[in-house]
Amino acid sequence: MAVEEVVERVRKAVANRALHDAVARSVDRHSYAALRALAPDVRAVYKARARAARLRSVRSLPDLVAQFVLRAEARGVRVHMARDAREAVRIVAEIARACGAERVVKSKSMATEEVDLNAHLASEGIQVLETDLGEYIVQLAGQRPSHIVAPCLHMTRQEIARLFSREAGREIAEDTPSLTAFARERLREEFRRADMGISGGNFLVASDGAVVVVTNEGNGRMCTTVPPVHVAVVGVEKVVRDYEDLADVLRILAVEATGQVITSYLSIVRGPAGPGEEGPREVHVVLLDAGRSGILGGPREEVLACIRCGACLDICPVYRQTGGHAYGSVYSGPIGAVLTPLLREDPEAQALPFLSSLCGACSDICPVGIHLHDHLVALRARAVDRGVYFPQEAMAFAALRDAWTPPARYRLARRLLRGALRIGGGVPQLRAWTRGRRLPEVAARHVADRLLDEGLVKKER
Amino acid sequence: MRIRLFTTCLGDIFAQEAVLSTARILRRLGHEVTLPEQTCCGQPAYNSGFQNEARPFIGDFLNGFAGSDAVVAPSGSCVAMLRRGLLEFFGDDARARELEPRVFELSQFLLDVQGLKAPPGHFEARVIYHESCHLSHWLHEGDRARELLAGIAGLEVRTFREPQLCCGFGGTFAIHFPDLSLAMADEKLRDLGDPPPDYIVGSDEGCLMQLGGRLAAQGVRRPETLHLNVLLDRAGVGK
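For the record, the sequence lines run as chains D and F.
Going by my numbering, the first sequence wraps up at 463, each residue one higher than the last.
Going by my numbering, the second sequence wraps up at 1666, each residue one higher than the last.
Below, in silico cross-link-like pairs of lysine to any residue (SDA-like), each with a Cα-Cα straight-line distance of 20 Å or less: (1) D:Lys461 - F:Arg1429; (2) F:Lys1544 - F:Asp1570; (3) D:Lys460 - F:Gly1457; (4) D:Lys461 - F:Gly1457; (5) D:Lys461 - F:Thr1461; (6) D:Lys460 - F:Glu1444; (7) D:Lys460 - F:Ser1495; (8) D:Lys49 - D:His373; (9) D:Lys461 - F:Asp1496; (10) D:Lys461 - F:Gly1494; (11) D:Lys49 - D:Ala35; (12) D:Lys461 - F:Gln1443; (13) D:Lys14 - F:Asp1613; (14) D:Lys14 - F:Asp1606; (15) D:Lys460 - F:Glu1464; (16) F:Lys1666 - D:Gly457; (17) F:Lys1666 - D:Glu456.
Just a sample of chain D residues kept apart from chain F, beta carbon distances all over 12 Å, derived: (18) Glu126; (19) Glu279; (20) Gly427.
Stretch-level coverage of chain D by chain F, calculated; a stretch enters the list once three of its residues show a Cβ under 8 Å from a Cβ in chain F: (21) 9 to 15; (22) 381 to 390; (23) 449 to 460.
Treat the hints as calculated values from the structure; they're not laboratory data.
Glycine included, each C-beta is placed from N, C-alpha and C at the ideal position.
Build out the structure end to end from the sequences listed, making use of the hints.
See the structure below:
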């Protein structure tokens, strides 16, 4: 069953304490930096403006996408609509074939992770090299990103040095300058030789037909400018109305993601290079739907406002223990547990909303005010409707309802509870509690009787 | 004021002192406290995705408590559930809409309705205050309940370094993901300080069962857990 797979992945992740230490260190660094970056009242204003801008976009998404396509094409950008993952990889593969690309450099794209682009291009004989430092490391390790902003956040510096040493065929020291020096040297050559560059896109500006890429390393910009062909694969919900709305969103994105008041690199791709200009001669934008339109107009619509800052992952007490891979999804943490079951139909995806203590810290931190814990609760109900729930719970909760409602029955059940717990001490649910935790004594009498005895309350009816 | 007490099932079954203290404090402040027929708030079913099974619990609450001036419970978690359930399941019933904003966790009632500010009292102890998630994030109260401790003589209060970190209880979550839930408790408990405080104080019995149950299983005697309402009662708040 689907929930068991999630439970098992979580159990393994939790058993790995080194993973917890690496994740906790990184998310704390992000969270504290974010906290220091803005005064609370300023943050409140920024959040309100970012939310307004994003909701405006989501609520008129089809119109803004149409406008984006019109403006982008007018400037010579070729825009492709991909209804699903299969179409997206087919489109990118066709572009690669048409320009005879064999070597591709890629940077900063969760959308291409979502459609599993690398594997598909590899099966067509096209090599894709990840060039974002974190994504490069994860690719070398044969893994997937574990965090939407910091892909290798789950790894230690020592692990990275070992990977690099293996790749280099010589010892690479584990200090940051040595590690980045190796990556730079290795990647520079690849940028020069690449036939095609693939990027994601943090936003699409409808009024100007522009793709906006936010990075901290500049490698993303190498992908969009050095190779002769640039393909941006972007989720269709990333569109914003104009540059004013973009500014409202960017103002909070870097703060929440890494605690920077502004990002290091902001690339605005407005089309292919004209005569005498440097840059790619072809620019393509693949607009990925893959389930997003289905969310529009429904009760989960605001989820599309997400700006992928990762703040909800960083604050999440569950993510802190498990890291991202335990979610078994490209998108992890609270937003992943909400978004994944909306984008994917499989039972395992439907089980993800259960992976939360529903503490609600995510909803408070979200810079665009997505009510994540409310969506988690609602998606649990949807999962149950689809037959995805923990073993025996349908029976157990029906029994509890019948035993505890109306109140007269609760009274009766309450009287029998001590005995029932003693007899039922072996049920798995209770054992799950008592393994590692002591259960307090069950009070012998109903509390109402004690309240009345002490003369503290008057009984009604 | 005539106040109806919602005892909560955890309060009835495991934490009766918190319920008794809640009633005592309200009585000392001059209120009449009454006890309608009641059951659980239905949260275990609701948070596990079984909304049809949760609905009758809220229905019973509505039947027993409609028309109240104020309802007070010793748990932010149950209050969050009751408020949400009233609007979600019975939002088209005027009685439910009227009742919803009148359901309070004790600290909310004392601060906002009673208008208490750092009430005087006396309680000799060093405590660490645990911010329960449902009070701080679901009911958006943050750590305001701490204001109630500020005027108590003899009390030394500190907070966890990461106050927003959930203790890992989460109701059925603790049973669905036991290892994860324990790891979350352990992370919280690593921050008790040395020497440890006398009590972990919080206003939700679920959190206290989680943290206290973990400590007890490890044979740790100090700190003990203490419900905020019991502390306020013993400190003589409202006298």
